[in-house]
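There are 2 protein chains.
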Amino acid sequence: MSEVVAKAELAKSVVTALGKLTTAQKNEALLTMADALQQNADAIIAANAKDLERGKENGTPESMLDRLALNAARIEAIAEGLRQIVALPDPVGDTLETLERPNGLIIEKIRVPLGVIGIIYEARPNVTVDAAGLCLKTGNAVVLRGGSAALYTNRQIVEVLHAALAETNMPPEALQLIEDPNRASVDEMLKLNGLLDVIIPRGGSSLIQNVVRNATVPVIETGAGICHTYVDEGADPAMAEAIALNAKAQRPSVCNSMETLLVHRTFAGEHLPALGEAFRDARVELRGCNRTRTLIPWALPVTEENFATEYNDYILNVKVVDDIDEALEHIAKYGTKHSECIVTENEENAERFQDDVDAAAVYHNASTRFTDGFEFGFGAEIGISTQKLHARGPMGLPALTSVKYKIYGNGQIRK
Amino acid sequence: MSEVVAKAELAKSVVTALGKLTTAQKNEALLTMADALQQNADAIIAANAKDLERGKENGTPESMLDRLALNAARIEAIAEGLRQIVALPDPVGDTLETLERPNGLIIEKIRVPLGVIGIIYEARPNVTVDAAGLCLKTGNAVVLRGGSAALYTNRQIVEVLHAALAETNMPPEALQLIEDPNRASVDEMLKLNGLLDVIIPRGGSSLIQNVVRNATVPVIETGAGICHTYVDEGADPAMAEAIALNAKAQRPSVCNSMETLLVHRTFAGEHLPALGEAFRDARVELRGCNRTRTLIPWALPVTEENFATEYNDYILNVKVVDDIDEALEHIAKYGTKHSECIVTENEENAERFQDDVDAAAVYHNASTRFTDGFEFGFGAEIGISTQKLHARGPMGLPALTSVKYKIYGNGQIRK
Numbered sequence: 001m002s003e004v005v006a007k008a009e010l011a012k013s014v015v016t017a018l019g020k021l022t023t024a025q026k027n028e029a030l031l032t033m034a035d036a037l038q039q040n041a042d043a044i045i046a047a048n049a050k051d052l053e054r055g056k057e058n059g060t061p062e063s064m065l066d067r068l069a070l071n072a073a074r075i076e077a078i079a080e081g082l083r084q085i086v087a088l089p090d091p092v093g094d095t096l097e098t099l100e101r102p103n104g105l106i107i108e109k110i111r112v113p114l115g116v117i118g119i120i121y122e123a124r125p126n127v128t129v130d131a132a133g134l135c136l137k138t139g140n141a142v143v144l145r146g147g148s149a150a151l152y153t154n155r156q157i158v159e160v161l162h163a164a165l166a167e168t169n170m171p172p173e174a175l176q177l178i179e180d181p182n183r184a185s186v187d188e189m190l191k192l193n194g195l196l197d198v199i200i201p202r203g204g205s206s207l208i209q210n211v212v213r214n215a216t217v218p219v220i221e222t223g224a225g226i227c228h229t230y231v232d233e234g235a236d237p238a239m240a241e242a243i244a245l246n247a248k249a250q251r252p253s254v255c256n257s258m259e260t261l262l263v264h265r266t267f268a269g270e271h272l273p274a275l276g277e278a279f280r281d282a283r284v285e286l287r288g289c290n291r292t293r294t295l296i297p298w299a300l301p302v303t304e305e306n307f308a309t310e311y312n313d314y315i316l317n318v319k320v321v322d323d324i325d326e327a328l329e330h331i332a333k334y335g336t337k338h339s340e341c342i343v344t345e346n347e348e349n350a351e352r353f354q355d356d357v358d359a360a361a362v363y364h365n366a367s368t369r370f371t372d373g374f375e376f377g378f379g380a381e382i383g384i385s386t387q388k389l390h391a392r393g394p395m396g397l398p399a400l401t402s403v404k405y406k407i408y409g410n411g412q413i414r415k
Numbered sequence: 001m002s003e004v005v006a007k008a009e010l011a012k013s014v015v016t017a018l019g020k021l022t023t024a025q026k027n028e029a030l031l032t033m034a035d036a037l038q039q040n041a042d043a044i045i046a047a048n049a050k051d052l053e054r055g056k057e058n059g060t061p062e063s064m065l066d067r068l069a070l071n072a073a074r075i076e077a078i079a080e081g082l083r084q085i086v087a088l089p090d091p092v093g094d095t096l097e098t099l100e101r102p103n104g105l106i107i108e109k110i111r112v113p114l115g116v117i118g119i120i121y122e123a124r125p126n127v128t129v130d131a132a133g134l135c136l137k138t139g140n141a142v143v144l145r146g147g148s149a150a151l152y153t154n155r156q157i158v159e160v161l162h163a164a165l166a167e168t169n170m171p172p173e174a175l176q177l178i179e180d181p182n183r184a185s186v187d188e189m190l191k192l193n194g195l196l197d198v199i200i201p202r203g204g205s206s207l208i209q210n211v212v213r214n215a216t217v218p219v220i221e222t223g224a225g226i227c228h229t230y231v232d233e234g235a236d237p238a239m240a241e242a243i244a245l246n247a248k249a250q251r252p253s254v255c256n257s258m259e260t261l262l263v264h265r266t267f268a269g270e271h272l273p274a275l276g277e278a279f280r281d282a283r284v285e286l287r288g289c290n291r292t293r294t295l296i297p298w299a300l301p302v303t304e305e306n307f308a309t310e311y312n313d314y315i316l317n318v319k320v321v322d323d324i325d326e327a328l329e330h331i332a333k334y335g336t337k338h339s340e341c342i343v344t345e346n347e348e349n350a351e352r353f354q355d356d357v358d359a360a361a362v363y364h365n366a367s368t369r370f371t372d373g374f375e376f377g378f379g380a381e382i383g384i385s386t387q388k389l390h391a392r393g394p395m396g397l398p399a400l401t402s403v404k405y406k407i408y409g410n411g412q413i414r415k
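Note that the protein sequences, when read in sequence, are chains D and G. Take the first sequence: its letters are residues 1 to 415, numbered as in full-length UniProt numbering. Take the second sequence: its letters are residues 1 to 415, numbered as in full-length UniProt numbering.
Here chain D stands alone, though its shape is the one from the complex:
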């Protein structure tokens, strides 16, 4: 039996027990995990050093090494993240509806855990703990398959968490780490119908697309964001500049940052040169359409491929459009249904934009950077769904649950 099947079966073997844990028991497990991480920080940092060393030998880019690196402060922050999950309400067991039928049947719709959740992610050890915390809080078992570049770190973290869970009512089997560094272990997870109830990919677009294209297990597609800001005719220029700069440059590496700025031609004629200067000051490289380049001569030319690219970097496409229709068409063609924004003082256009744009989050006069479970007030986030089934947009704890109907009868039969 492969490692993947063996560990998924172990995970599945405890789902019934997990579903019966009380909120207090689950919270105690998470708090014990948090304490154990801090108490064992040295061992985790030592394991992490091995991953970092190997990464440097392999010529891993600095930005990726930074995501991989742990120190005492980062481990404390990760532990604090678990404690924050403890504070959140537990959705499991909630009665969502009670139906009483004319024949006397009582039908209760109850929130239950999903079962076994597979998480496929990159070499980011914080995701190991964060995903485990969210899944366990909602009574799910979790099978983690992190990037192999973090294997020493993840193995040490999971060893610490298993030891912590052994002191609690939560069975350690609920948390499984796939250690096989080969791509085949990912492929195997993707087809594990019957053992995994859902797979959530977290990472860049190639990781996500591989999961979406090859999984037979149900998937919640997350993350890829080609987000647009459309500055309408008559938009407030100061507000437009503040929102556009924030959407691009406040943190370009994340999925809710802007990749393309669409500007109404009237607004562009009056304000695009100044807006270009603001982006130059923020060290953002601009790639513009022809009309943009007459107004911002230093902008590079933009290509179709640029419009379809999630840069996650200090690069921005700029396109001047004739009207809101052209903006809507562009977004329909290149958007990834994540987050889109209109800056306008025209209420009619705002309403039309919010109705017509097909995306998880559609903003009027606010930065797309707010698409986030914490900013929405959910207190946690397992990811941002860009699909329409099950959950859309930032996913808090309820997105990690399903429902079950319990039906109470006294001998009813169907006529």
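Keep in mind the hints are simulated off the structure, nothing from the lab. Quick caveat: nothing in here was measured; it's all calculated off a predicted structure. Don't take each hint at face value.
In this list, chains with the same sequence are indistinguishable; a pair is considered to hold if it fits within one copy or across any two.
30 Å max Cα-Cα, derived DSSO-like pairs, lysine-lysine [to be verified]:
#: 1; residue 1: Lys415; residue 2: Lys109
#: 2; residue 1: Lys333; residue 2: Lys109
#: 3; residue 1: Lys20; residue 2: Lys415
#: 4; residue 1: Lys20; residue 2: Lys191
#: 5; residue 1: Lys20; residue 2: Lys333
#: 6; residue 1: Lys415; residue 2: Lys50
#: 7; residue 1: Lys50; residue 2: Lys20
#: 8; residue 1: Lys56; residue 2: Lys109
#: 9; residue 1: Lys50; residue 2: Lys333
The hints should help you fit chain G onto chain D, whose structure is shown.
Same frame as chain D, but now just chain G:
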């Protein structure tokens, strides 16, 4: 361009317009469709005769020809089904939540259509109309791919419905029928990410498994039901018999009927012979474990394969179990997470069964035959979900919707 892509693109081209139709406009479209079906019953029946003739020539079984056959009464019933959908509340546009954030952002969570729904089904013309009605009522476009044995009928029905829609505010492009009878057209639909938002298979288990195994478009798995009834120690014998007979024999061809009866050994010793007689009177063939066959000598022996089979027929597996644990283990091994029942007077066992069984609907003292959108009071049903994502159990109109966050700001940027 293939027929599938061309028609999916046509469907997608109208989703924005569909999303804006009022409930009254959608209802008017459905009523016009219903009237047109009845007015054109002769043409539909003539087309249906061609399918039936071809089916007889090909040696199609009588039961399948019966599902395919239409007459005036059946067309009236199908039209009546559309009128019933008109009477249901329209979930689209409902505000599910309004969040006001400390920074002044107002976040509204709104129900929206899913977009374009693909339905893959067998040679049952009633599904053509029923699925179209449910999808259009919820503002979705629909791409239908019915069994090729019903092609003449489906083509005629869709021609009638297109003519009807042309007289209404609903664009006829919202309804597409794939006419290519080759399996390749199904395969193409399964990979149509970006054009189809979801695929719902309706039919037998091989059709559903093909979709689940091969689709890259998100799927809602429906239907397959290996349902169990567990008769506990001390169950009321009359109630147990009534429920078991109803679950098996009231309509064996449907997914919520019982395939395996599990009987506690004490109950079996006292009551299984009489229960066997009741099934014999109902012309149900029994296949039993060894203990069953000592009590019901005429029962055939049961195999592992039998336990894993959805008969949809007058055949029942019977197994005597030592206790509720053995019943739960059997259900965990062979159940399809559809509908399961315990008959017992022991409240503790009932509660444990309802908690521990992982299924969409778990019954205490009532027949599994009630798992149905109409019996649950939803007024409609696009299918019964046996997966845990998005929707579980009978799916009414809300299962055909997604959500969107509309965010209202006045210049907010992220700090």
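Which numbered hints does this structure break? Of the numbered hints, 3, 6, 7, 8, 9 do not hold.
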